[in-house]
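Using the numbering used here, the first residue of the sequence shown is number 2, and each one after it goes up by one.
Since the hints were derived computationally from the structure, they do not count as laboratory data.
Errors might be hidden in some of the hints.
Cut-off 20 Å, straight-line C-alpha distance, at most; resulting in silico cross-link-like pairs (SDA-like, lysine to any residue) [what the hints assert, rightly or not]:
1. 100 x 251
2. 245 x 104
3. 101 x 160
4. 101 x 253
5. 245 x 109
6. 245 x 261
7. 101 x 220
Computed Cβ-Cβ distance ranges for the label pairs, DEER-style [claimed, not checked]:
8. 138 x 215: 21 to 27 Å
9. 144 x 99: 44 to 50 Å
10. 109 x 131: 30 to 36 Å
11. 146 x 202: 45 to 51 Å
12. 146 x 182: 41 to 47 Å
Every residue, glycine too, gets a C-beta built ideally from N, C-alpha and C.
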Amino acid sequence: MSNETPAPEGVENRHVAAPNDEIVVPEEDVVEEDAIDPQPEPLVEPVRATSHVSEVPAEVLAEPVAAEPVTEVSPEPTTVVGTPPAQTIYVTAPVEPRKKGNRGFGVLIGLLSTIIFAALYALIVALIETARTGVSSFNFLGAIEFYVPALFFLLGFIILALLANRANWWAYILGSLFVGLLVYFGTVGTGLLVGGIVLETPSGATRLFGQALTNPLVIAAALLAREVTLWAGAGISARGRRVKVRNVESRATFERESAERRAEYDAANGTRDYV
Numbered sequence: 002m003s004n005e006t007p008a009p010e011g012v013e014n015r016h017v018a019a020p021n022d023e024i025v026v027p028e029e030d031v032v033e034e035d036a037i038d039p040q041p042e043p044l045v046e047p048v049r050a051t052s053h054v055s056e057v058p059a060e061v062l063a064e065p066v067a068a069e070p071v072t073e074v075s076p077e078p079t080t081v082v083g084t085p086p087a088q089t090i091y092v093t094a095p096v097e098p099r100k101k102g103n104r105g106f107g108v109l110i111g112l113l114s115t116i117i118f119a120a121l122y123a124l125i126v127a128l129i130e131t132a133r134t135g136v137s138s139f140n141f142l143g144a145i146e147f148y149v150p151a152l153f154f155l156l157g158f159i160i161l162a163l164l165a166n167r168a169n170w171w172a173y174i175l176g177s178l179f180v181g182l183l184v185y186f187g188t189v190g191t192g193l194l195v196g197g198i199v200l201e202t203p204s205g206a207t208r209l210f211g212q213a214l215t216n217p218l219v220i221a222a223a224l225l226a227r228e229v230t231l232w233a234g235a236g237i238s239a240r241g242r243r244v245k246v247r248n249v250e251s252r253a254t255f256e257r258e259s260a261e262r263r264a265e266y267d268a269a270n271g272t273r274d275y276v
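Generate coordinates for the entire structure from the input sequences, incorporating the hints supplied.
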């Protein structure tokens with residue numbers, strides 16, 4: 002007895018397998034296992050020759066490119082191996098000493114000697130007036146004629162001190178004669194001019210001139226001027242000798258220091274020219 006149920010009209014009769022029926026696959030639907038490749042071969046695309054320059058769109062090329070800031074790098078100084086860098090050494094040359102003079106000291110002594118001369122001359126005048134009149138008086142200190150020899154003494158002493166400078170005593174020994182004669186003739190000439198010798202007759206002028214030359218006060222002033230100059234010049238000349246010794250020592254020290262500085266410079270730079 003068959004279990005198949007007729008299909009209705011218009012419906013294709015299909016075989017429905019029962020649970021216990023075997024499923025029969027048509028041979029044309031069966032695919033052999035050898036025909037299926039489980040690992041298909043990879044497709045290899047052919048390699049194209051490419052250029053190293055990539056194609057850039059025209060829009061990109063049209064855009065301005067901002068320039069990058071350029072930093073200037075100074076080249077490093079090159080040093081030659083084995084050549085020491087140039088070095089300048091400054092050497093302070095010693096100052097050449099100036100010769101010290103004795104004129105200032107001589108003028109100062111001349112001023113002090115003039116005071117001494119005036120004081121001694123006042124005593125001499127007082128003694129002479131006392132011997133003449135028997136009366137001791139110093140009224141002559143108010144007369145201008147008393148100071149004339151002192152003025153000529155100061156003038157002569159200053160001239161001698163400026164000329165002698167650092168000279169030895171013999172210069173003041175000879176110079177004292179000059180100062181004495183200047184005081185003598187200067188006092189005589191000044192007294193004659195003040196006495197109005199230009200208004201006298203030749204015989205009267207000769208008489209007045211003779212009296213002035215033999216005036217004991219004028220002779221005393223000349224002799225005193227010579228002595229004061231002589232002994233004051235001794236002190237000036239003594240200092241002049243010391244000044245000369247110091248000048249010689251200063252010069253020797255300068256030459257020694259100059260030689261030492263030049264030797265140091267030559268040792269450092271190998272040259273004999275100061276920088």
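Verification of the hints:
1. 100 x 251: holds (9 Å)
2. 245 x 104: holds (13 Å)
3. 101 x 160: holds (19 Å)
4. 101 x 253: Holds - the C-alpha atoms of residue 253 and residue 101 are around 15 Å apart, at most 20 Å.
5. 245 x 109: Holds, because 19 Å separates the two Cα atoms, which is no more than 20 Å.
6. 245 x 261: Given pair residue 245, residue 261 is violated - Cα atoms ~24 Å apart, limit 20 Å.
7. 101 x 220: violated (38 Å)
8. 138 x 215: 21 to 27 Å: Holds: the Cβ-Cβ distance is about 23 Å, inside 21 to 27 Å.
9. 144 x 99: 44 to 50 Å: The hinted range 44 to 50 Å holds for residue 144 and residue 99, with Cβ atoms some 46 Å apart.
10. 109 x 131: 30 to 36 Å: For residue 131 against residue 109, whose Cβ atoms are near 34 Å apart, the range 30 to 36 Å holds.
11. 146 x 202: 45 to 51 Å: violated (24 Å)
12. 146 x 182: 41 to 47 Å: violated (19 Å)
Comparing the model with each numbered hint stated earlier shows that hints 6, 7, 11, 12 do not hold.
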